[in-house]
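Q: Following the hints, position chain B against chain A.
Take a look at the letters that make up each chain.
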Amino acid sequence: MQTIFILFGVAIGVGVIVFMSALLAGMQANFIKRVLTSQPHIALIVPDEIARPQRLSGRGLVVAATVQRPAQRTRSIDQWQKIDDELRHWSGVSNVAPIMTMSALAVRGQASRSITLTGVEPEVYFRTIAIPTYIVAGQLRITADDILIGTELASDLGVGVNDKISISAASGASRVLTITGIFDLGSKSANERNTYTALRTAQALFGLIGGVTEIDVTVADVFTAETIAQAIQGTTSVRADSWIKTNAQFFTAVSAQEIANTMIRLFVGLSVAFGIASVLAVSVIQRSKDIGILRAMGTSRGRILRVFLVQGGLLGFAGAIVGAALGTAAAIIWHDTMRLADGSELFPLILQPSVLVGTVLLAAVTGVVAAAAPALRAARLDPVVAIRG
Amino acid sequence: MAEALDVLRLEAICKSYNVGSPMAVEVLHDIDITLTRGEFVALIGPSGSGKSTLLNIIGLLDHPTSGRLFIEGHETSTLSDAATTRLRGQCIGFVFQYHYLISAFTALENVLMPLLAEHGFPDQKMHDRAHELLDQMGLARWQDNLANNMSGGQQQRVAIARALAMNPALILADEPTGNLDTASSEAVFATMREVNRTNSTTFLLVTHNMALARRCDRILDLVDGRLVAASVLP
Numbered sequence: 001m002q003t004i005f006i007l008f009g010v011a012i013g014v015g016v017i018v019f020m021s022a023l024l025a026g027m028q029a030n031f032i033k034r035v036l037t038s039q040p041h042i043a044l045i046v047p048d049e050i051a052r053p054q055r056l057s058g059r060g061l062v063v064a065a066t067v068q069r070p071a072q073r074t075r076s077i078d079q080w081q082k083i084d085d086e087l088r089h090w091s092g093v094s095n096v097a098p099i100m101t102m103s104a105l106a107v108r109g110q111a112s113r114s115i116t117l118t119g120v121e122p123e124v125y126f127r128t129i130a131i132p133t134y135i136v137a138g139q140l141r142i143t144a145d146d147i148l149i150g151t152e153l154a155s156d157l158g159v160g161v162n163d164k165i166s167i168s169a170a171s172g173a174s175r176v177l178t179i180t181g182i183f184d185l186g187s188k189s190a191n192e193r194n195t196y197t198a199l200r201t202a203q204a205l206f207g208l209i210g211g212v213t214e215i216d217v218t219v220a221d222v223f224t225a226e227t228i229a230q231a232i233q234g235t236t237s238v239r240a241d242s243w244i245k246t247n248a249q250f251f252t253a254v255s256a257q258e259i260a261n262t263m264i265r266l267f268v269g270l271s272v273a274f275g276i277a278s279v280l281a282v283s284v285i286q287r288s289k290d291i292g293i294l295r296a297m298g299t300s301r302g303r304i305l306r307v308f309l310v311q312g313g314l315l316g317f318a319g320a321i322v323g324a325a326l327g328t329a330a331a332i333i334w335h336d337t338m339r340l341a342d343g344s345e346l347f348p349l350i351l352q353p354s355v356l357v358g359t360v361l362l363a364a365v366t367g368v369v370a371a372a373a374p375a376l377r378a379a380r381l382d383p384v385v386a387i388r389g
Numbered sequence: 001m002a003e004a005l006d007v008l009r010l011e012a013i014c015k016s017y018n019v020g021s022p023m024a025v026e027v028l029h030d031i032d033i034t035l036t037r038g039e040f041v042a043l044i045g046p047s048g049s050g051k052s053t054l055l056n057i058i059g060l061l062d063h064p065t066s067g068r069l070f071i072e073g074h075e076t077s078t079l080s081d082a083a084t085t086r087l088r089g090q091c092i093g094f095v096f097q098y099h100y101l102i103s104a105f106t107a108l109e110n111v112l113m114p115l116l117a118e119h120g121f122p123d124q125k126m127h128d129r130a131h132e133l134l135d136q137m138g139l140a141r142w143q144d145n146l147a148n149n150m151s152g153g154q155q156q157r158v159a160i161a162r163a164l165a166m167n168p169a170l171i172l173a174d175e176p177t178g179n180l181d182t183a184s185s186e187a188v189f190a191t192m193r194e195v196n197r198t199n200s201t202t203f204l205l206v207t208h209n210m211a212l213a214r215r216c217d218r219i220l221d222l223v224d225g226r227l228v229a230a231s232v233l234p
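Protein chains in written order, with this note's numbering: chain A, 1 to 389; chain B, 1 to 234.
Looking at chain B on its own, in the form it has when it is part of the complex:
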């Protein structure tokens, strides 16, 4: 059983493709990671090092070939597809490099999406929650704007609000500032840090930006599918 404070624990996670064939490729080797509540951790590494694969496994979008994965103490390998989907919806929020908002929806509707996925039909409480999150992101005025009518920085903040909708314990951010200018990057990073401090939400931030990585609590360095260093920053 994982420690109560452990939001995420990976034990000897391996991932291979084409298992059993001569073309088998192991992309992740014996990954052990533990993230506790309120940690803000950067995951860095060169392209092709396995960052996205690792993030997909942690996000329960992909399955490891071997090893064990715990989300808030739940061992995930034994869960059914429906239970995995439920756990993902309740415990994990995603922020992608390309915000991936639904362009036909307003900012408010995009934030409502995870709540609808969980509860079905919208009600006033859900609207209040979505509005509160957009307000927290400084986007209350734009809540009725269509997503594709907003700037890149605004869209990314809507995506953060969406990731926070279910008040998840863990947010996986895959290069959330990779597509933004410096000022917007700074604003988005500051927003995530603020959420992390206010809500004690654990963040795992994949980034190529070393300046941002250094401002995290910890850096995990992934090279060729192996964790080569884990730096604890002051």
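So that you can see chain A by itself, here it is in the shape it has in the complex:
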């Protein structure tokens, strides 16, 4: 009966760990997916222009010591082709896409909306931002006179595929483009503001022929983005912002969640360990006579020690197997039950085999460690005293 209770206790503890890990992994994956749908892993941009105070040499007199921060002009990245070529051979970098991005106004009749127009080379850019998978109407075609817009902007302007809209740059230049495709990035603000056209069209519209304002970089492991960004910034003349840096608040929240999760795991692990230890301690007392007889029959102290250690390990292992199954089932039920209003999933279900295996092994090790004190006590029992009771 005690064994069943402690198995149940271990199972619940491990189940909670598995369930929480799946939940946290799903939340993180969901956020990362949403963020990286419309954002590159690393964005290389022109560093801000800085006005420096002028000094007179020799006499220590300072002229124009106080200067105003200059307004930032739209400039192309200096020697961007060289940087682009260099990055293509950078370790960990899987794709490089030079783009031109700027604010503009989309006008259709009396309606106008502020947008971000991004000029891209489709064949490389769409490997960084997977727009093709989010096209909901029309087709993915970007020639010199084409534009892709989001569902919200299309709705606001009352336009559809093959309609024309006028795009006006801040400089006053404007151009009429044909809507060839409408996308849904899963974010209202992105669907309102993001628009895509050909790189040459954007360069012409913004008066930066041959230039780019940003180089978007995709890395193989999204969590190495900040490290790679820092390395790039250290060796080139551009500013490199990783998605981790631009979403720092999210990572602070994730970090806090992970700390909380670790603490919960720790306390669950401790309660499991104490549970196993207490059951085995009682077991040693209850079986002291049997242990004494086994010792009298020639069973060594080492064997008695091993019996209890193995028992602790098996309790942890068996409980963890049941717990892993319970936690997995709970996560699946939760995933199938908790849905958004439109029936779509709240966030994806991620059950990592490594977490399951790791948790089961950790529980077995915890069982062995927890059994150490009772096992030592059992091994040290004096057979005469134990048999006499």
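Derived by calculation from the structure, the hints in this document are not laboratory data.
In this text the structure is predicted, and so the values were computed from the model without any measurement.
Ideal Cβ placement from N, Cα and C applies to all residues, glycine included.
Hints may be right or wrong, so weigh each one.
Pairwise CB distance ranges (calculated) [unchecked claim]: (1) Asp81/B <-> Ala373/A: 53 to 61 Å; (2) Arg141/B <-> Arg380/A: 36 to 44 Å; (3) Arg306/A <-> Gly138/B: 30 to 38 Å; (4) Glu345/A <-> His119/B: 53 to 61 Å; (5) Gly302/A <-> Tyr17/B: 22 to 30 Å; (6) Arg380/A <-> Thr78/B: 17 to 25 Å; (7) His119/B <-> Phe267/A: 37 to 45 Å; (8) Leu270/A <-> Arg141/B: 46 to 54 Å; (9) Asp32/B <-> Gly302/A: 29 to 37 Å; (10) Gly120/B <-> Asp221/A: 45 to 53 Å; (11) Ala373/A <-> Thr198/B: 17 to 25 Å; (12) Thr182/B <-> Gly302/A: 41 to 49 Å.
A: The following block gives chain B in isolation, referenced to the frame of chain A:
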């Protein structure tokens, strides 16, 4: 070196508790005993005379304060804990007053215990040996019964089978019939005598039952921790 035929030899064995303190008590005084192969010896004495302490020392469960103890020629005072445990498992079998079978195990599993203690994992040979011993005790039919579902006499015979599992040279029986009715006592005693004659196993039987003691080869009488008489019976 003890004689080759000596299964057990005690030379001036003393046992004291609280040694070195004013409360020191000597419970065994200069005990000399020699048991040869195939002897069936009774150890009698009033309660508190030191019988159980002597049996524990002979069974290598306790250490004498002084004196020397030989089991099958091995001097035991110099042995390590592991070696002592091994010697105990190989050379000595125990039968207690309260059989002390493990109640959660079957009769067969209880008999297997000393074999498992010696060899680790069970194999067919061990099962065959355990079955053979239970058959010898007339308990083959009950081998799969849980120990606590058997009668007192049956349990004691399972305990004898367990004590014989390693084919020890010496069996120490601490009042094995003390908790049984007359018929069961007789059956258990007869079984031990049969094993003694068949296998030449040496028995040291602690008993308060003088009728049984008189049927042994020899009687050792322990009073106040001293052997006062050693009777050789016809």
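Q: Has the hinted range 41 to 49 Å been met by the Cβ atoms of Thr182/B and Gly302/A?
A: holds, 44 Å
Q: Has the hinted range 36 to 44 Å been met by the Cβ atoms of Arg141/B and Arg380/A?
A: The hint (36 to 44 Å, Cβ to Cβ) holds, given that Arg141/B and Arg380/A are roughly 40 Å apart.
Q: Between His119/B and Phe267/A, does the beta-carbon spacing fit 37 to 45 Å?
A: For Phe267/A against His119/B, whose Cβ atoms are near 43 Å apart, the range 37 to 45 Å holds.
Q: When you take the CB atoms of Leu270/A and Arg141/B, is the distance between them in 46 to 54 Å?
A: Given range 46 to 54 Å: holds, Cβ gap about 51 Å.
Q: State, for the Cβ atoms of Arg306/A and Gly138/B, whether the hinted interval 30 to 38 Å holds or is violated.
A: holds, 36 Å
Q: Do Ala373/A and Thr198/B keep their Cβ atoms within the hinted range of 17 to 25 Å?
A: violated, 47 Å
Q: For the range 53 to 61 Å, tell me whether the beta carbons of Asp81/B and Ala373/A fit it or not.
A: Violated: the Cβ-Cβ distance is about 20 Å, outside 53 to 61 Å.
Q: So the hint says 22 to 30 Å: do the beta-carbon atoms of Gly302/A and Tyr17/B match that?
A: holds, 29 Å
Q: Starting from the range 17 to 25 Å, see whether the pair Arg380/A and Thr78/B falls in it by beta-carbon distance.
A: Roughly 22 Å apart at Cβ, these two residues keep to the hinted range, so it holds.
Q: Using the Cβ atoms, figure out if Asp32/B sits within 29 to 37 Å of Gly302/A.
A: holds, 35 Å
Q: Note whether the CB distance of Glu345/A and His119/B lies within 53 to 61 Å or breaks it.
A: About 57 Å separates the Cβ atoms of Glu345/A and His119/B, which means 53 to 61 Å holds.
Q: Holds or violated: the 45 to 53 Å window for the beta-carbon distance between Gly120/B and Asp221/A?
A: Since Gly120/B and Asp221/A have Cβ atoms about 48 Å apart, the given range 45 to 53 Å holds.
When the structure is compared with the earlier hints, violations turn up for hints 1 and 11 and for no others.
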